[in-house]
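Q: Below, each chain spelled out in residue letters.
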Amino acid sequence: MKLLLTKFFTAIIFLVSSSAFACSISARVSIVGNEFPAIQTVGSGAKECKGAKVTANLTADHQKINVAGMSSQPAEYTSAIVANTSIVALLNNDLIRPLDDLVKKHGKGLKKNQLITIDGKIMAVAFMANAQHLVYRKDILKKLNIDVPKTYEDMLAAAKKIRASGLVKNPVGGAYKAGWNLAQEFNNMFIGYGGSHFKGNSAEPNVNSDAGIKALKMMKSLSQYMNPDFLTHDSNATNAEFRAGNVAIMNMWGSRAATLVDADGVSMEVKNGMDIAGPMTVGGGKTPASTLFWDGWTVAKKISDEEAEATFIAMTNAIRPSILDNEDVRKQAVWLIEGYKPTEAARGVFAAAKMNTTPYPMLPYAGLMHSAIGKEIADFMQGKETAEKTLSDIEDAYKASAKEKGFL
Amino acid sequence: MKHKTFFWFILPTFLAMFFFITLPIISVVIQSLHTPHENILITVENCDPFGCKKVTSIDHEATRDLKNEKPLGRFVGLDIYLDRGHLAFEQVKDHWNKSRDLVSFFSLISDLPFYKAIFFTLTFTFTVTPIMLVLGLLIALGVNSINKQLKGLIIFFSLLPMIVTPLIGSIILFWMIDSRGIVGNFLQLMFEDPNFSLKASTFLTWITLIVYGVWHAIPFSFIVFYAGLQTLPKDQIESAQIDGANTFQQTIHIIIPHIMPLITFVTLMQLMDNFRVFEPIIGFNAEAHATSLSWIIFNDLGGETRQLSAAATSSILTIFGIIILLIPVLIKTWKEFDFKK
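Keeping their order, the protein sequence lines are chains A and B.
Residue numbers for the first sequence follow the numbering used here, beginning at 167 and rising by one.
Residue numbers for the second sequence follow the numbering used here, beginning at 115 and rising by one.
No lab work stands behind these hints: they were computed from the structure.
The beta-carbon is built from N, C-alpha and C at its ideal position, and this holds for glycine as well.
Don't take every hint at face value.
Claimed, not checked - Taking CB as the label site, the calculated pair distances span:
id : chain 1 : residue 1 : chain 2 : residue 2 : range
1  : A       : K271      : B       : F128      : 44 to 50 Å
2  : A       : A226      : B       : V443      : 38 to 44 Å
3  : A       : K219      : B       : P308      : 40 to 46 Å
4  : B       : K167      : A       : K271      : 25 to 31 Å
5  : B       : V278      : A       : E214      : 38 to 44 Å
6  : B       : P308      : A       : A226      : 32 to 38 Å
7  : B       : I321      : A       : E319      : 35 to 41 Å
8  : A       : E214      : B       : L281      : 33 to 39 Å
9  : B       : I437      : A       : T425      : 48 to 54 Å
10 : A       : P203      : B       : F132      : 47 to 53 Å
11 : B       : I156      : A       : K271      : 55 to 61 Å
Said to hold, decoys possible - To spell it out: a stretch of chain A is covered by chain B in this simulated footprint if at least three of its residues, at any positions, have a beta carbon under 8 Å from a beta carbon of chain B; those stretches are:
id : region
12 : 280-291
13 : 531-544
14 : 566-574
Using the sequences and the accompanying hints, generate a full structural model.
A: Here you go:
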């Protein structure tokens with residue numbers, strides 16, 4: 167009850183303080199983006215602007231609709247909230263406009279490292295960073311005298327001990343659902359072993375390598391300590407397993423860490439036992455087996471200059487430094503906004519950045535590679551084929567789609 | 115019916131079919147023969163919160179003229195039909211030369227996405243359709259013979275699986291068969307194997323999908339057959355009873371021939387429906403074990419990659435698949451029609 171009251175009052179203070187901030191626009195603003203707490207905050211921040219209509223369509227299916235919704239003349243969406251993975255589709259189709267003029271005119275509060283520049287032109291404004299890192303149960307590790315894993319090899323050894331102790335039957339968790347999630351885990355591991363997806367600066371695939379084989383084998387070893395249904399578990403399902411106390415160590419998104427154990431029905435054991443640490447390395451490498459992401463917003467190309475200006479003003483208003491005055495908002499993400507002081511929940515992502523984790527490549531053909539990996543890797547995880555065969559299948563599948571899309 | 119009357123009668127339907135079926139299919143065919151232009155790639159410097167880096171990007175200025183000149187893209191003929199994502203002629207030929215017998219040949223080509231999807235789709239279609247026909251008929255016969263007061267209630271409950279949206283139905287079942295769900299737990303107890311999981315093996319996933327397919331499709335065949343049973347010729351049944359035919363003989367010799375046209379109709383509808391199996395694969399998160407042509411189309415269209423030409427090609431291949439499946443049934447219908455005339 168007390169907590170509820172405090173929440174209620176912070177909300178009121180937040181509302182009062184934000185309405186004091188004037189934001190007026192003169193043309194429509196229409197936003198499309200993913201749906202998680204930090205992005206919802208941005209969406210409602212844009213809606214505070216008065217003078218014209220602001221709408222936000224925030225959905226997990228945003229990638230399926232943003233290209234189509236920004237291709238018409240005029241575009242339905244004046245802004246798309248994207249990540250370094252999903253901005254590529256908008257860039258490939260030439261659907262977003264350079265923001266240099268607008269940044270000069272209205273973007274005084276933005277920090278330089280928030281500006282995503284491509285070929286010298288500002289194409290997006292980032293507001294948060296994200297990465298996958300270790301999430302674990304400190305109570306279980308302590309009970310068994312296990313140090314916090316720093317490498318995937320440590321994680322395997324810890325998993326073995328935990329299973330042998332009988333505390334947790336399938337101690338390792340991971341978003342290994344066939345498709346995007348599984349491919350992302352492969353990317354992490356592949357980069358951790360020092361692999362690079364493409365030959366030089368070309369679109370030629372390069373996953374059929376020593377690093378690829380090692381990455382697949384490590385994933386297979388980890389999967390033996392997972393729930394047998396792991397190929398159907400996305401990050402939501404993996405988090406649910408953690409909340410239920412069925413998982414003791416996992417590689418999970420930083421953006422989920424803050425609210426991971428806030429749900430109803432989570433036992434005190436899990437709530438107090440949960441802790442986070444930086445991403446793990448693998449195979450003696452220095453680069454963490456993880457990838458860095460940013461989330462940011464863009465402005466559509468096929469809209470009038472008035473609409474673009476209004477959109478820029480509204481979106482800048484949504485990520486102004488004062489939104490961090492609210493404790494709940496501050497906790498939602500690792501914000502790149504001026505004046506952000508990291509919370510406890512941000513330690514993992516900060517460690518990832520400090521350890522020079524590789525950012526997800528913003529290449530026009532990276533998405534094709536990602537989806538080829540997601541499609542082909544499940545056969546290996548089920549033991550149906552060898553690592554070499556899977557890797558050559560990935561390259562073949564990628565080549566077929568890259569030829570179709572005109573990259574090879 | 116006079117030809118003129120028939121013409122005016124059919125015109126609205128014909129127009130609607132032309133605009134909403136024929137034209138879209140033609141556009142899909144055209145799309146499947148074209149691909150996007152080759153991208154002119156340049157190296158540029160990108161900066162993000164994590165630093166600056168030289169990366170490859172698309173030169174939009176250079177590609178724009180090409181796009182304006184030929185908005186449809188490059189004409190590539192049947193290239194996409196033959197590539198690895200679809201019919202994969204090259205790989206199939208290669209596998210054929212490499213494999214010694216048919217079994218190893220099929221196991222090799224079942225690794226190619228299109229054939230993998232076809233194998234599951236056909237297995238699904240040819241198990242679900244007959245099981246559903248038989249069970250639907252049995253339920254219809256059963257319901258037809260119970261007393262009137264109960265009938266309404268029983269019919270309502272028998273129709274429930276069809277009322278539930280396929281996606282919702284499969285998600286509900288997905289959680290029930292989870293190793294921690296009620297069905298999953300029960301199976302673990304029954305087999306005395308705490309690691310038993312319906313979702314972890316391909317074989318069991320296929321069984322689950324087929325059981326779901328039958329469960330979802332039975333109400334349709336049941337209600338059609340039940341309606342057919344209301345028109346049974348009473349005198350024929352009575353004379354058969356007088357001749358000493360038992361229930362089984364009556365069913366085989368009178369009831370089934372009587373509702374044969376309905377059986378053909380249900381088969382036709384279900385072959386089409388089952389061939390484009392899609393929702394259960396999504397609902398059961400079964401992508402790792404089972405894919406279908408519709409799932410491939412969905413996967414190509416979704417996400418960041420949007421392979422429109424690949425999706426168009428898969429759509430055309432699905433249409434061909436349905437035509438091939440339906441040919442026997444259509445020939446049969448045509449013959450019956452001629453015979454009656």
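Q: With reference to the structure, classify each hint as holding or not holding.
A: To see whether the hints hold, each was checked on the structure:
In this structure the supplied range 44 to 50 Å is violated for K271 (chain A) paired with F128 (chain B), their Cβ-Cβ distance being about 58 Å. Between A226 (chain A) and V443 (chain B) the Cβ separation comes to about 40 Å, which falls inside the hinted range of 38 to 44 Å. Between K219 (chain A) and P308 (chain B) the C-beta distance comes to about 57 Å, which lies outside the given range of 40 to 46 Å. Under the hint 25 to 31 Å, the C-beta atoms of K167 (chain B) and K271 (chain A), about 28 Å apart, fit the expected range.
Taking the beta carbon of each, V278 (chain B) and E214 (chain A) are about 41 Å apart, inside 38 to 44 Å as hinted. Restraint check, P308 (chain B) to A226 (chain A): a C-beta distance of roughly 34 Å satisfies the suggested window 32 to 38 Å. Distance hint for I321 (chain B) and E319 (chain A): a CB-CB separation of about 38 Å, consistent with the stated range 35 to 41 Å. Distance hint for E214 (chain A) and L281 (chain B): a CB-CB separation of about 36 Å, consistent with the stated range 33 to 39 Å.
A C-beta distance of roughly 51 Å is found between I437 (chain B) and T425 (chain A), which places it inside the suggested range of 48 to 54 Å. As the Cβ distance of P203 (chain A) to F132 (chain B) is approximately 49 Å, the hint placing it in 47 to 53 Å holds. Between I156 (chain B) and K271 (chain A) the beta carbon distance is about 29 Å. The supplied range of 55 to 61 Å is therefore violated. Counting residues of the region 280-291 of chain A whose beta carbon lies closer than 8 Å to any beta carbon of chain B gives 7, which meets the minimum of three for the stated coverage.
Interface restraint, the region 531-544 of chain A with chain B: holds (6 residues with C-beta to C-beta distance below 8 Å; minimum three). With 7 residues carrying a beta carbon less than 8 Å from a beta carbon of chain B, the region 566-574 of chain A meets the three-residue requirement, and the given coverage holds.
Violated hints, in rising order: 1, 3 and 11; the structure is consistent with all others.
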